[in-house]
Amino acid sequence: MKKKPLILVTNDDGITAPGIRTLISVMSEIGDVVVVAPDSPQSAMGHAITINSTLHVEEIKVEDDNRSEFACSGTPADCVKLAVNELLKRKPDLCVSGINHGSNSSINVIYSGTMSAALEAGIEGVPAIGFSLLDYKWGANFEPTKSYVKKIALNVLENGLPNGVVLNVNFPRLNKKEIKGIKVCRQAKAYWKEEFDKRTNPMGKDYYWLTGKFVNEDHGEDTDEWALANNYISIVPVQFDLTAHHAIQQLNTWTLNEES
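Residue numbers (this note's numbering): 1 to 260.
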């Protein structure tokens, strides 16, 4: 009998979030699942890791089955590091992160704890996928994502991924019959125009709330933002090598080695 794949499941919304419970149920149809996820929400943590305090991990039972689940006091990246290097008996065949409550398309990938967990798995040599649904509500409907999550995960297990590449998958907030299909895309060139709402507390001390709006100036029809706006699921292959290769030749024309 063919050995079942070992699948690590994590997220940034916390181990009890509905999104990760959906992902666990789908991955359980495919392989042996181990869950290592934050014990509380860690959204927008990016690739932060814990170095100035201790990490705590507790094995817990969230659902009535025999699955191993570990709640970690650290960040999503911490969860993956602990899982691969300490908690699992062997390297997982796949790591899936999410399903995030909210978008991780375009520039959001930089801030995302969900995607940082997937990227950390990639750094560890584990094929990885981050899944997100464009609905921030705790009670979001994840049902339409299930068949697509399974299909994408099975394709990664069967075909593998290029070295240093993980997948960023975003789902539009639609019923299944409204979804047109899947588009493999590039990341849209968009950004957040930040503003800070300055207030004063009763003690007279100033404080700030971060606000702002999302600005998409990319009109290409090959981007994740276009796909999602047009009722497609977007898949963007992303990498953790941040080298701007196109800039190397230009920088080599600078007089960097000449004496001042």
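Derived by calculation from the structure, the hints in this document are not laboratory data. Hints are supplied without guarantee of correctness; some may be wrong.
Only pairs whose alpha carbons sit at most 30 Å apart, straight line, appear in this in silico DSSO-like list of lysine-lysine [unchecked claim]:
no., residue 1, residue 2
1, LYS177, LYS198
2, LYS4, LYS176
3, LYS193, LYS3
4, LYS91, LYS146
5, LYS189, LYS4
6, LYS205, LYS193
7, LYS151, LYS91
8, LYS193, LYS137
9, LYS176, LYS205
10, LYS180, LYS150
11, LYS205, LYS3
12, LYS89, LYS137
13, LYS4, LYS205
14, LYS183, LYS151
15, LYS189, LYS61
16, LYS89, LYS150
17, LYS151, LYS193
18, LYS150, LYS4
19, LYS177, LYS146
20, LYS91, LYS137
21, LYS180, LYS198
22, LYS150, LYS213
23, LYS193, LYS213
The calculated label-pair distances, taken between Cβ atoms and stated as ranges, are [unchecked claim]:
no., residue 1, residue 2, range
24, LEU88, ASN163, 34 to 40 Å
25, ASN231, GLU63, 39 to 45 Å
26, GLY220, ASN155, 43 to 49 Å
27, LEU55, GLU259, 46 to 52 Å
28, ASP65, GLU217, 21 to 27 Å
Predicted model, so just to flag it, every value in this text is computed and none were measured. C-beta: ideal position from N, C-alpha, C; glycine also.
Each hint, compared with the structure:
no., hint, in the structure
1, LYS177 - LYS198, "44 Å, violated"
2, LYS4 - LYS176, "29 Å, holds"
3, LYS193 - LYS3, "49 Å, violated"
4, LYS91 - LYS146, "25 Å, holds"
5, LYS189 - LYS4, "39 Å, violated"
6, LYS205 - LYS193, "26 Å, holds"
7, LYS151 - LYS91, "22 Å, holds"
8, LYS193 - LYS137, "23 Å, holds"
9, LYS176 - LYS205, "49 Å, violated"
10, LYS180 - LYS150, "17 Å, holds"
11, LYS205 - LYS3, "60 Å, violated"
12, LYS89 - LYS137, "36 Å, violated"
13, LYS4 - LYS205, "57 Å, violated"
14, LYS183 - LYS151, "14 Å, holds"
15, LYS189 - LYS61, "42 Å, violated"
16, LYS89 - LYS150, "24 Å, holds"
17, LYS151 - LYS193, "36 Å, violated"
18, LYS150 - LYS4, "15 Å, holds"
19, LYS177 - LYS146, "13 Å, holds"
20, LYS91 - LYS137, "33 Å, violated"
21, LYS180 - LYS198, "43 Å, violated"
22, LYS150 - LYS213, "33 Å, violated"
23, LYS193 - LYS213, "5 Å, holds"
24, LEU88 - ASN163: 34 to 40 Å, "21 Å, violated"
25, ASN231 - GLU63: 39 to 45 Å, "32 Å, violated"
26, GLY220 - ASN155: 43 to 49 Å, "25 Å, violated"
27, LEU55 - GLU259: 46 to 52 Å, "49 Å, holds"
28, ASP65 - GLU217: 21 to 27 Å, "48 Å, violated"
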